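**Student:** Taken in sequence, the protein lines are chains U and B. Under the UniProt record's numbering, think of the first position of the first sequence as 1, with each following residue one higher. Under the UniProt record's numbering, think of the first position of the second sequence as 1, with each following residue one higher.
Hints are not guaranteed to be accurate.
No distinction is drawn between identical chains; accordingly, a pair holds when it is met within one copy or between any pair of copies.
[Stated by the list, open to error] DSSO-like cross-link-like pairs, simulated, lysine-lysine; straight-line CA separation at most 30 angstroms:
#1 110 with 19
#2 46 with 190
#3 46 with 110
#4 46 with 204
#5 110 with 190
#6 190 with 204
#7 19 with 204
Calculated directly from the structure, the hints in this document are not laboratory data. Computed from a predicted structure; not experimentally measured.
Number of protein chains: 2
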Amino acid sequence: MADLDRMSVTAEAIAQMAKTPDPRMREVMAAAIRHLHDFAREVDLKPDEWLAGIAFLTAVGQACTPYRQEFILLSDVLGLSRLVNVMHDAEGREAAGTETSLLGPFFREKAPEFAPGESIAVHSTDGEQMVLFGTVTDADGRPVPDAEIDIWQTDAHGQYDLQANDPEVMDLRGRYRTDAAGRYHMRTVKPIGYSIPMDGPVGKFVRQQDRHGMRPAHIHVLVQAPGYRELVTALYLGDDPNIDSDTVFGVSDSLVVTPSMGLPGAPRSDLPAVRYDFRLSRLAAGETGGRVGADPSQMMPAAQ
Amino acid sequence: MADLDRMSVTAEAIAQMAKTPDPRMREVMAAAIRHLHDFAREVDLKPDEWLAGIAFLTAVGQACTPYRQEFILLSDVLGLSRLVNVMHDAEGREAAGTETSLLGPFFREKAPEFAPGESIAVHSTDGEQMVLFGTVTDADGRPVPDAEIDIWQTDAHGQYDLQANDPEVMDLRGRYRTDAAGRYHMRTVKPIGYSIPMDGPVGKFVRQQDRHGMRPAHIHVLVQAPGYRELVTALYLGDDPNIDSDTVFGVSDSLVVTPSMGLPGAPRSDLPAVRYDFRLSRLAAGETGGRVGADPSQMMPAAQ
């Protein structure tokens with residue numbers, strides 16, 4: 001090994017990875033090394049700062065549990081999750097397809113199934129009731145029958161089921177199916193905006209940056225149907241004070257909604273409603289439709 | 001928040017951090033965001049790859065214990081530790097000062113104190129004995145009396161005390177002091193090259209890159225004396241087969257040594273010896289002398 005200087009150490013590190021059998025891993029890691037080293041050189045990273053970074057990442061990793069994915073939260077507040085989302089979206093979504101948003105750290109597989117019109121607010125029933133209805137179609141407007149629509153959200157106090165009470169009890173999340181005409185009808189209580197979890201290292205980091213750490217009120221949506229790209233999105237409530245400063249950069253204008261009375265076609269006249277028509281993009285050949293997010297319980301390493 | 005695209009999400013993330021009160025943190029994080037996002041854009045990072053990265057970092061964090069710092073190990077195998085080291089060195093070390101090397105994950109505070117000539121091989125005594133002797137001077141060659149020299153290394157089977165047997169028992173590490181003429185005399189057994197810990201996520205990562213994961217045999221050295229920059233370095237044994245392909249990029253030519261018999265001035269004639277004269281750089285005004293590395297037990301987050 002020739003004596004290494006501040007530039008040659010980068011070439012040496014990449015050279016040592018040159019035999020990586022997986023060409024994509026080789027490409028991604030070479031780029032990661034270059035950008036990581038460029039960053040360190042640009043800011044002239046000091047040993048105590050490096051150590052603070054190590055300690056921070058360690059704390060983030062140690063804060064992860066089967067019910068909490070602190071690294072996804074970090075990726076979220078750094079804008080990385082949204083960036084990966086936007087790139088994935090631009091590549092596979094048809095122009096008329098619904099825009100996507102972040103899955104976030106609170107998604108869980110196998111949420112309870114509900115019949116049309118039933119409410120996902122089973123245990124936490126506080127708050128103003130509202131209806132969601134509309135259709136699921138392809139990008140050309142043709143109905144998609146029997147599509148599965150998974151929604152999940154906070155209660156009226158800003159907490160997900162995983163944060164409130166017994167994490168084994170699922171609440172304010174559920175799965176619905178569209179009818180033969182691609183129509184759906186869901187009921188819930190109005191979610192409220194909430195702070196990301198501020199009791200961990202990422203919360204401390206956000207406070208150090210003088211950020212409010214708030215997400216505007218929203219309802220997460222995941223729509224799946226065979227032959228279509230999985231749609232991971234969310235509907236944001238337009239009257240939230242933080243609608244323009246989401247701390248995880250999830251909001252798009254086309255996903256902002258406002259519940260109102262007397263909507264044409266609303267299945268109930270006694271509750272404020274939102275009509276939203278989801279448009280699915282066809283799955284491209286060979287596309288697996290990876291998801292920007294994950295069930296935290298699936299992200300923990302196996303016990304050593 | 002305007003609709004974000006693959007470029008504007010970066011500006012938006014930096015803008016949301018613009019109120020960070022600490023100007024250095026603001027600068028470092030803005031650069032971190034730019035390089036992180038540039039990396040993701042350059043490789044067009046896919047959701048499943050992003051998720052694999054999250055899972056990997058989570059596993060690295062979860063592998064950290066009071067006796068093991070897996071994130072420092074990751075930094076080491078990515079060449080980042082060496083880069084930070086080289087930059088720190090170039091900034092503060094006097095031209096004639098001894099080159100530095102990595103502290104690594106096995107340093108421990110408060111190693112046992114030894115008198116000149118005593119051996120640090122107290123429990124693990126297998127292997128060929130050797131002597132280390134020489135002087136500690138300033139960069140102009142003036143002796144530094146009462147300097148503390150901390151050394152630590154593997155046993156003759158390639159394990160540190162933290163890896164072998166009871167981690168509470170310190171072995172093959174110790175502190176010596178220079179005499180009034182700046183001279184020191186230490187005794188140990190010859191270390192052997194070893195694999196970095198391969199049973200964790202970083203080991204798996206290194207295997208995926210078809211790297212041997214070996215470090216050439218070396219003795220870690222930390223020299224401290226009031227008024228001087230802390231010297232973190234290591235002496236590498238020149239006959240090690242991996243002397244040119246250290247998996248953590250720690251070797252410098254000026255730190256390669258070969259034990260031999262009959263050295264002038266050697267304190268013992270019956271053992272092979274290495275003479276090494278350490279030259280300390282003066283501490284610059286206001287410099288705190290941060291260390292590229294840490295005692296793993298100091299790096300764990302406080303219990304929540």
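**Student:** All hints, please: hold or fail.
**Tutor:** Now the hints, each set against the structure:
In this assembly of identical chains, the alpha carbons of residue 110 and residue 19 never lie at most 30 angstroms apart, being 41 angstroms within a copy and 41 angstroms across copies at closest. In this homomeric assembly, residue 46 and residue 190 never come within 30 angstroms of each other (Cα to Cα): the closest approach is 48 angstroms inside a single copy and 33 angstroms across copies. With identical chains, the CA atoms of residue 46 and residue 110 are at most 30 angstroms apart between copies only, with a shortest distance of 25 angstroms across copies and 47 angstroms within one. Taking the closest pair of Cα atoms, residue 46 and residue 204 come within 30 angstroms of each other both inside a single copy (21 angstroms) and across two copies (29 angstroms).
In this assembly of identical chains, residue 110 and residue 190 lie within 30 angstroms of each other by CA distance solely inside one copy; the values are 22 angstroms within and 58 angstroms between copies. Within a single copy, residue 190 and residue 204 get their C-alpha atoms as close as 29 angstroms, which meets the 30 angstroms cut-off; across copies the closest is 46 angstroms, which misses it. Proximity of residue 19 and residue 204 under a CA criterion of 30 angstroms is satisfied inter-copy only: 15 angstroms between copies versus 40 angstroms inside one chain copy.
Against the hints set out earlier in the document, violations occur for numbers 1 and 2.
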